[in-house]
Amino acid sequence: MPVKIVTDSVSDISPEIANELGITVVPLNVVFGNEIYRDGVDLTTEEFYRKLEKCQALPTTSTPPLQAFIEIYEKLAEQTNEILVITISRKLSATGESALKAVESVQKKCRIHIMPSQWAMMGEGLLVIAAAKAAQTGAGLDEIIKMTERNDSRLGMRIAFDTLEYLKRGGRIGKAKALLGAMLRINPILGIKDGEVFPFGQERSRNRAMQHLYNFVSGYTNIELMAVEDATTSDEADALTERIRGIFPDVSIHRSKVSPVIGTNVGPRVIGVAVLGDK
Amino acid sequence: MTERKTIAGQDLREMFSAAASWLEKSSSEIDALNVFPVPDGDTGTNMMLTMRSTMEEAFRAPDNSAAGVASAMAKGALMGARGNSGVILSQVWRGLAEGLAGKESFTTADFAKALEQASKTAYKGVSNPVEGTMLTVMKAAASAARDQVDIGNEDIISVLEAVVEAARDSVANTPLLLKVLREAGVVDAGGQGIYTLFEGALRYLRGEVELMRLRKPQIIVSEIPHTTPLPQTAVVDEVPYGYCTEFMLKGEKIDTEAIKKRLEHKGESLIVVGDESAVRIHIHTLDPGNIVHWATKLGTMHQVSIRNMDEQHQDFLEMQKERVPTADTAVITVVSGEGLNDIFASLGAAVVIPGGQTMNPSTKDILQAVESAPSDKIIILPNNKNIILTAEQVHSLTQKQVAVVPTTTIPQGVVALLAFDYEADFKTNTRIMENAISSVKSIEITRSIRSTKVNGLKIRRKQPIGLLDGELIVAGNSDLDVLNKLLDKMEMDKAEIITIYHGEDVEAAEAEQISAGITEKYPKVQVEVVRGGQPHYNYIISVE
Chain A
1 MPVKIVTDSV
11 SDISPEIANE
21 LGITVVPLNV
31 VFGNEIYRDG
41 VDLTTEEFYR
51 KLEKCQALPT
61 TSTPPLQAFI
71 EIYEKLAEQT
81 NEILVITISR
91 KLSATGESAL
101 KAVESVQKKC
111 RIHIMPSQWA
121 MMGEGLLVIA
131 AAKAAQTGAG
141 LDEIIKMTER
151 NDSRLGMRIA
161 FDTLEYLKRG
171 GRIGKAKALL
181 GAMLRINPIL
191 GIKDGEVFPF
201 GQERSRNRAM
211 QHLYNFVSGY
221 TNIELMAVED
231 ATTSDEADAL
241 TERIRGIFPD
251 VSIHRSKVSP
261 VIGTNVGPRV
271 IGVAVLGDK
Chain B
280 MTERKTIAGQ
290 DLREMFSAAA
300 SWLEKSSSEI
310 DALNVFPVPD
320 GDTGTNMMLT
330 MRSTMEEAFR
340 APDNSAAGVA
350 SAMAKGALMG
360 ARGNSGVILS
370 QVWRGLAEGL
380 AGKESFTTAD
390 FAKALEQASK
400 TAYKGVSNPV
410 EGTMLTVMKA
420 AASAARDQVD
430 IGNEDIISVL
440 EAVVEAARDS
450 VANTPLLLKV
460 LREAGVVDAG
470 GQGIYTLFEG
480 ALRYLRGEVE
490 LMRLRKPQII
500 VSEIPHTTPL
510 PQTAVVDEVP
520 YGYCTEFMLK
530 GEKIDTEAIK
540 KRLEHKGESL
550 IVVGDESAVR
560 IHIHTLDPGN
570 IVHWATKLGT
580 MHQVSIRNMD
590 EQHQDFLEMQ
600 KERVPTADTA
610 VITVVSGEGL
620 NDIFASLGAA
630 VVIPGGQTMN
640 PSTKDILQAV
650 ESAPSDKIII
660 LPNNKNIILT
670 AEQVHSLTQK
680 QVAVVPTTTI
690 PQGVVALLAF
700 DYEADFKTNT
710 RIMENAISSV
720 KSIEITRSIR
730 STKVNGLKIR
740 RKQPIGLLDG
750 ELIVAGNSDL
760 DVLNKLLDKM
770 EMDKAEIITI
780 YHGEDVEAAE
790 AEQISAGITE
800 KYPKVQVEVV
810 RGGQPHYNYI
820 ISVE
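Residue numbers (the numbering used here), protein chains in the order written: chain A, 1 to 279; chain B, 280 to 823.
Each hint should be verified, as a subset may be incorrect.
[Said to hold, decoys possible] Heads up, simulated DSS-like pairs for lysine-lysine below, C-alpha to C-alpha not over 25 Å straight-line: (1) K304(B) with K175(A); (2) K656(B) with K177(A); (3) K304(B) with K91(A); (4) K706(B) with K193(A); (5) K495(B) with K91(A); (6) K177(A) with K458(B); (7) K175(A) with K495(B); (8) K177(A) with K495(B); (9) K279(A) with K706(B); (10) K101(A) with K304(B); (11) K304(B) with K168(A); (12) K177(A) with K304(B); (13) K495(B) with K101(A); (14) K458(B) with K175(A); (15) K495(B) with K193(A); (16) K168(A) with K458(B); (17) K168(A) with K495(B); (18) K656(B) with K193(A); (19) K399(B) with K532(B).
Don't read these hints as lab results, they were simulated from the structure.
For reference, chain B alone in the conformation it holds in the complex (with noise of 0.2 Å):
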């Protein structure tokens, strides 16, 4: 491939041109990805149409400059930024203009400089800065760009796949810096829009304009796993949004500094960009009057949009069902541990209900997680048996259909949840996974409360105890003696697979050394050691 040192006005435009209309193929897509700060599912939209808007007057500028192009860019943003996106994209390309102010055409080095000051632009416009949003997506380009130039690469296009790499992991990683992506399992929308567009950028560069024409862009995957809203949080539906409130003000001399300190404590979402002459203010406000009422003083008004978020967001739940992967059924868990809690949001149930051994849900609570469960459809795996009952409760209390698989450890969880088949329909699953139960043994170690007699065993209190499949049936000295005494009373010849999952009071390290001794003493099983974080059990372990 070709080295390119450096790219004048003309390429400046096209590339973007091209990033433009390759955001634009996957600008739904985009838009059903959008949780934060708002989900009402236009970021996708909102950042096309400021890109229109962007190279519109692109192809309006003066000369064929890079910094003639780049401006021309800026200006055509701020007139049609749309939505908070559209909004902080418009500052991403102002601060790339001021950074090739004055350049014909410009080199690796410019480029770094001008990206980052483009990040820094966009910072300074949000009020209130978000990591694990396209700001966060910016920066990381914007780095990579210039650790590439400081160790001397030269060559546009592969300072720009380092950019393109930066922005796609930087994007896989918003997940890690914002709950509501994790929860929602997706990445950020306004992110993977800053990622498109370098991505589109870079192809055309390439020369890869028929590709571009066959292909979509990829919307990115992130491998942390999806965490469910606890149904006692899913009350933050009710939550107005109120109105997202848009206008650009056009006069002399305007303070942008004054109308930030102004509007700061009015909503939420507060961006105010601009120059003396024109300000666009972007605000989520349960009271637009107001705010508008009080900028007319200030100016003259132009493209004003009020829009309701409560109704974009209901359109937005909308898509979103049709999002969800797998609703035909979905399962919901109760689980205690926030290993645990991960493990099963990671196997796919959809909801995870906290509680177990000495903190059973209410009907109630589970209620709420069948209500709040993306599918009408429910099987609930309640994991002790002391909760079945109450999971049984729930078929009566609610439209859904309901079916309680009567699991009552967490390794019987475990393989009902692996059974589940995402083909087959709600009854043959419930059958399913019913019939998985029975393919594991389920060992759970823990201290006796108090001194007692069961099963013909003395036990002192707080004394090292084990339980076969909800039964005690020993007692020893120390957890390895339990499980030792466990295991000698088991068939393991057949036993294929030890899962381990150790509690909130035990060392990974004092879990390895069990791990290790049960390989010596069975050296054709497969043993895995996982954390599950639970309260009052040491070890929860399942042999399959």
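Extracted from the complex, chain A is given alone in its bound form (with noise of 0.2 Å):
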């Protein structure tokens, strides 16, 4: 029996990938005024961000309810004895917390593993999407684990900001909040690292940030898995990954979307990279 892996919508994983890949994902919530939504199950990313442009009051977010984990795990204890759940950053997110407390409530025999990582977006999307692939090639939970923790050093992210207006109200800008309130113009660049949002650099154009993005992507020597990301700017994101396609011909290029409770937190215009490989 493969080992099942199961991961929260802010892992930005495509439905094609996670449906190819027999990926579970449950669905953190996003709350606009009393209406809440299930993060890319009741609303889109292209609603969500019209919903944004309309709304009063800016949406807020949630964890899934424990209930969403202890039904998922009983219905893949019926399929395998080994689930591993890999989760957005502690740090981020309550979303592992409520992972780890489900799995008292599960009365199937069952062994399930609770692997908060140190990222969001697609760099935990990365690690989820490797981890699935091992677990199709019949890797055993254990191997998978020690697989995905050494993943877990192994990654880096660079996302460009337009503003950082959204990630400081939903309170989770981290070290970025130095680049808060800068008086000229610029376009942040924002990673995670050791699992908080951190600053890596301030441009004065969009055409800079995209560079910054692109040389990030070029200082690496080898790349095993890839990804790009964007909230409402498709185009821009389709134009870096063609680029990128030129220094990396032989990488496929997982392009994803950011999931609402990211856009909740993000805003609009913003266009991430994450790169599993070794620079």
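Take each chain as given, in its own frame, and dock them per the hints.
This is how it looks when you write it as structure tokens:
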């Protein structure tokens, strides 16, 4: 029985990839006023940004209810006796705690291992994809855990922002608060370090921000997995993807969208790259 | 969500009990914010301990009426109040209890009235109220409740939502009102505590108990740029804070006003609160013995606490060092002009030394800045060729590792600072920043101070002249004329971004006109106009 891989919706993996690799995605929630939407299930990224433009009060987010995890564990336990759950960084969300807490309530006999990653968005997504690929080739739970731990330190992410307003509002700005209140027009380049948001640079224009992402990727000598994701500017992300393909023609690049929960925290016009590889 | 029109004693107790636990979760982070009135780093702890005593007493309330619980809370708060913030908090509960007197349960109108009373009582307890503190936040909260009631809102939860929102905004705004906060780059600790309490109460009423168990309150981040005190003011550290002296006085017919008057000039941060039978006194003084001795004549003393604040301040400084976000390498820069000062601070400069053309800072000024910066590795951006040498002298005078990145203009300083890599080590950053210098062309437009002949140009006194990367190459009839002549000499097809920093003598409208002229001539270039406020140079312009 192959190991089943579970993750949360803020890993930003596309439904197609989840389907293809047999990954179960547990949605967080986006809350607009009194309306609660399951991330990526009741609300697509496009719908989310349309709503965001029109809404009076900005949305908030919440972790998946315990019950969501319990139900998924119960269901998967009928098909396997080993489950690996990879979640967003603990410093960014309590989802990992919910995933862990839910294990206590599972009646069926099944080994469930929770791994909160140091990442979010496609950084987390690449860990999940690598784990799911290993599971498909028949790797056991312990083997996949070891590999994921190694991969965790082989990941890198850079995200170009237009504004830090959303990140600040959501309270997840972390060390990037050093870039708040800039009095010149700048495009912040952020990433994640030790599980929290970290500033990696400031560029004076959108063009230069894209160049920064490109330069970051070109600094790798070996790339195992890679992703480019966007919020509202897919043309720009596609163009960046094409440029990167020029230097890494053999690497397949996952293209995805930020999930509505991520969108709540990063706002529109964000573009991110995630790389699993070696410099 | 269901509407709640009234709240009785039981829920009043439960909501602030939940709020107290919520506060408890972030008390150490609130400690780290504490810079006013004394940076001793105990506001969060003090508020938390005060709330514990407040809520313990609330559970001993004689009945379950709102009035009964509130007055028990006020009693518990007074008995257990610690520190400045704790005493002010106890005044808040006392005012709230006064506002809810005689109420079995309360409506939004009662609540608004009680908050107003709480705010008023809090102000009254402090002999010298300062804005930008928890008092301001309390006032904003009360006024938000009043506004909601005035528009007919009868739902307690939504009124409390407005209160929380107003408190949050008010906390974020505290650095604007209080300079020490701006300089430390933090919001007011006591204000954050008040906000957290209201937020906790709201979350309880919304039924978010599970969420409160898993999550922590957020510390509010202010957008107001962090300004580091100039090195000249760093000596403030040497002024002793003295002793934080606190005690409870019990007796009969104690005259709080007389005590206030008597102690007014004996120290700082004086608070005298209570009634005829029990008074809590808090003061920062250099001579606690004198005050304690005098007070024993007025009644019996309880919970006497005298703490050395200089020791506390040392601990606080240690704590601050851990809090500073990217303290591995600190960048120090020399700039004149208020606007430029703010711009460099907002882009991450740890210390901005005032100086530049015709007012070069001394080696000692720069050394002081180096010593006061929150890191052992320092990169200096002199932004003027006459300051580079002075900056280099600092090497031999300090234990710290110092590198001078030889920027000779403001635009060079900006690109060097922007190139700073938060992850890279000291040496790498020095190299990255040096390399960045060549990515920008600097234009400076000023007036000639005398008639002269330079580079084959005949120049009249006071004539507008233009420098490119420090070299005088054109003279003209007006600033605009000089700028156009300069731009004609440059390879503008490669330019992407032009930033115009206008000087102290230039009106914003004039700078906008210049900007519009550039956009017309070079439509592909992104132009930004910022007030630099620098002396001597009407315009400093960067072309990237």
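If you draw a straight line from the CA of K495(B) to the CA of K91(A), is it 25 Å or shorter? holds (11 Å)
Next pair to validate is K177(A) with K458(B); report whether the Cα-Cα distance is within 25 Å. Given that 25 Å is the threshold and the Cα spacing comes to 19 Å, the pair holds.
Tell me if the straight-line CA distance from K279(A) to K706(B) falls inside 25 Å. holds (20 Å)
Is K101(A) within 25 Å of K304(B), Cα to Cα? holds (20 Å)
Given the proposed pairing of K168(A) with K495(B), does the C-alpha separation stay at or below 25 Å? holds (16 Å)
Check whether the Cα positions of K495(B) and K193(A) lie no farther apart than 25 Å. holds (20 Å)
Hinted pair K177(A) and K304(B), Cα distance within 25 Å: holds (21 Å)
Does K193(A) sit within 25 Å of K706(B), going by the straight-line distance between their CA atoms? holds (21 Å)
Is the Cα-Cα distance between K304(B) and K91(A) 25 Å or less? holds (15 Å)
For a C-alpha distance cap of 25 Å, please report whether K656(B) and K193(A) respect it. holds (21 Å)
Pair hint outcome, K656(B) versus K177(A) [Cα-Cα no greater than 25 Å]: holds (21 Å)
Restraint status (C-alpha distance of K399(B) to K532(B) at most 25 Å): holds (23 Å)
In this structure, every one of the numbered hints holds.
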